[in-house]
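*Asks:* Residues per chain, in single letters:
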Amino acid sequence: MKTQILSTQISKTDPSRRTFLAGAAGAAVCVIAPSARATPEEMAQAIKDFTGGKPVREGGVEVDIPVLLESGHSVPTIVRVDSPMNAQNYVRAIAVFNERNPQPNVGVFHLTPRSGRAFVSTRIRLGDSQKVVAVAQMSDGSFRSGSIDVIVTLPACVEGA
Amino acid sequence: MARALINVPAKAKKGEIIEIKTMLSHPMETGFRPAADGKLVPRNIIKRFVCTYDGEAVFSADLFPAISANPFLSFTLVATNSGVITFSWTDDNGQTQVQTAKIEVA
Numbered sequence: 017m018k019t020q021i022l023s024t025q026i027s028k029t030d031p032s033r034r035t036f037l038a039g040a041a042g043a044a045v046c047v048i049a050p051s052a053r054a055t056p057e058e059m060a061q062a063i064k065d066f067t068g069g070k071p072v073r074e075g076g077v078e079v080d081i082p083v084l085l086e087s088g089h090s091v092p093t094i095v096r097v098d099s100p101m102n103a104q105n106y107v108r109a110i111a112v113f114n115e116r117n118p119q120p121n122v123g124v125f126h127l128t129p130r131s132g133r134a135f136v137s138t139r140i141r142l143g144d145s146q147k148v149v150a151v152a153q154m155s156d157g158s159f160r161s162g163s164i165d166v167i168v169t170l171p172a173c174v175e176g177a
Numbered sequence: 017m018a019r020a021l022i023n024v025p026a027k028a029k030k031g032e033i034i035e036i037k038t039m040l041s042h043p044m045e046t047g048f049r050p051a052a053d054g055k056l057v058p059r060n061i062i063k064r065f066v067c068t069y070d071g072e073a074v075f076s077a078d079l080f081p082a083i084s085a086n087p088f089l090s091f092t093l094v095a096t097n098s099g100v101i102t103f104s105w106t107d108d109n110g111q112t113q114v115q116t117a118k119i120e121v122a
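For the record, the sequence lines run as chains D and S. Count the first sequence with my numbering and you get residues 17 to 177, in order. Count the second sequence with my numbering and you get residues 17 to 122, in order.
It should be emphasised that the hints constitute simulated quantities derived from the structure, not laboratory data. It should be emphasised that the depicted structure is a prediction, and the values quoted were computed from it without experimental measurement. A virtual CB, placed ideally from N, CA and C, is assigned to each residue, including glycine. Keep in mind that the hints are not guaranteed to be accurate.
Stretch-level coverage of chain D by chain S, calculated; a stretch enters the list once three of its residues show a Cβ under 8 Å from a Cβ in chain S [claimed, not checked]:
#, region
1, 89-95
2, 132-144
3, 147-153
Full structure from sequences and hints, please.
*Replies:* What follows is the structure in structure tokens.
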């Protein structure tokens with residue numbers, strides 16, 4: 017009997033406790049208003065700004081990020097592009113974009129034939145589970161892209177981050 | 017301005033592709049984060065990184081707030097000749113930090 021009463025008491029208090037915890041977690045995590053986030057459309061626009069509206073062919077660009085991330089604060093990100101990287105045929109720039117951080121841009125990396133390899137490695141912030149896209153500008157003026165979908169369990173917009 | 021870590025091989029063979037690793041101690045304040053008083057902390061990020069090899073810019077980067085604090089950048093270069101590789105980071109306040117590394121190419 018006693019245990020039954022106890023369990024009803026717990027179930028009574030449980031929902032409010034859950035709501036409180038959910039609210040507290042929400043307040044801590046979502047310091048950025050939803051409207052302040054970039055959208056897939058904004059990312060598409062940012063890519064368009066980078067390419068000048070030229071067509072982007074998918075493939076030949078590898079975005080290497082662990083698919084499941086515990087934290088979005090410092091995400092190891094590697095981009096590789098298929099290119100011989102000689103004076104005639106090389107990657108001029110690699111731009112990285114995301115669709116759910118406050119801004120769609122992550123970085124633009126300018127390479128030269130003296131780079132030897134079309135490779136760049138950095139660490140980025142991810143505010144949510146989302147798609148990360150890399151667009152490469154080739155020396156002949158064409159554009160290629162690659163992308164990856166990643167899951168972030170603790171996004172990079174937590175206070176004090 | 018801050019402490020920088022640079023990893024450049026001291027010696028390389030001519031034509032060898034070497035990997036360079038750089039990291040600068042910097043908060044990369046996004047401008048989206050509120051401080052304890054509720055006001056947004058003003059943005060201060062490293063927005064430009066340039067690597068020159070014997071005076072020629074061989075790699076550069078335009079960075080945005082989505083780059084993590086203490087920006088880490090790694091890239092490759094072809095070891096062409098002995099010389100000095102220079103790294104420079106510029107932040108929103110216009111402060112620039114310059115570091116150099118020597119490489120011996122045989």
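*Asks:* Confirm or reject each hint.
*Replies:* Verification of the supplied hints:
no.: 1; hint: 89-95; in the structure: holds (count 3)
no.: 2; hint: 132-144; in the structure: holds (count 10)
no.: 3; hint: 147-153; in the structure: violated (count 0)
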